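First residue of the sequence shown? That's 3 in my numbering, and the numbers climb one at a time after it.
Keep in mind the hints are simulated off the structure, nothing from the lab.
All values derive from a computational prediction rather than experimental measurement.
One should not assume that every hint holds.
To be verified - Below, a list of computed lysine to aspartate or glutamate pairs in the DMTMM-like style, where the Cα atoms sit at most 20 Å apart:
1. 53 to 102
2. 55 to 5
3. 123 to 81
4. 123 to 56
5. 93 to 114
6. 36 to 24
7. 93 to 56
8. 93 to 51
9. 93 to 81
10. 123 to 107
11. 123 to 102
12. 111 to 37
13. 53 to 4
14. 106 to 51
15. 111 to 56
16. 55 to 114
17. 106 to 24
18. 53 to 114
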Amino acid sequence: MEDVLLLLILAPTALFLILKFDTKQNRKIKKVLKDTHNIQPLFLMRAAEQKLKELNTQLYGNITLIANGAPSGRININEGARQMLISQLSKLTSNYNLGELNLKEYNNKLSEMIQTINQVKYLNFEQINN
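Could you put together the complete structure from these sequences and hints?
If you want it as structure tokens, here you go:
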């Protein structure tokens, strides 16, 4: 009988504590979601940064590697094509920095530029302008 009374006292107490903890956690989660609603997705931003770094390395080379005498990572393409791609990249980054492109569009354009560079490796400048 004492065990039943103990169970009748402890069970509602445990239930009350669990419900109180749950509502407290729900409030915290709602606050975090509200606070982070307007923040750019972190993984998408990270992907764009990596793509930009790869493009800069392919177009300009890696200064640290060049100084150490190692291969720079710079692709071998026609200099006119390189300048055209560099101007496209600088225009793209300035448009993003000015807020004319959102992060998703910026990331997609960077992906397109990487694909273009991978295709340009095998073309000459006259084929690129067409």
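Hints and how they fare:
no.: 1; hint: 53 to 102; verdict: holds, 19 Å
no.: 2; hint: 55 to 5; verdict: violated, 68 Å
no.: 3; hint: 123 to 81; verdict: holds, 12 Å
no.: 4; hint: 123 to 56; verdict: holds, 15 Å
no.: 5; hint: 93 to 114; verdict: holds, 14 Å
no.: 6; hint: 36 to 24; verdict: holds, 18 Å
no.: 7; hint: 93 to 56; verdict: holds, 17 Å
no.: 8; hint: 93 to 51; verdict: holds, 16 Å
no.: 9; hint: 93 to 81; verdict: holds, 18 Å
no.: 10; hint: 123 to 107; verdict: violated, 25 Å
no.: 11; hint: 123 to 102; verdict: violated, 30 Å
no.: 12; hint: 111 to 37; verdict: violated, 29 Å
no.: 13; hint: 53 to 4; verdict: violated, 69 Å
no.: 14; hint: 106 to 51; verdict: holds, 12 Å
no.: 15; hint: 111 to 56; verdict: holds, 14 Å
no.: 16; hint: 55 to 114; verdict: holds, 15 Å
no.: 17; hint: 106 to 24; verdict: violated, 35 Å
no.: 18; hint: 53 to 114; verdict: holds, 10 Å
Hints 2, 10, 11, 12, 13, 17, counting from the list given before, are not met by this structure.
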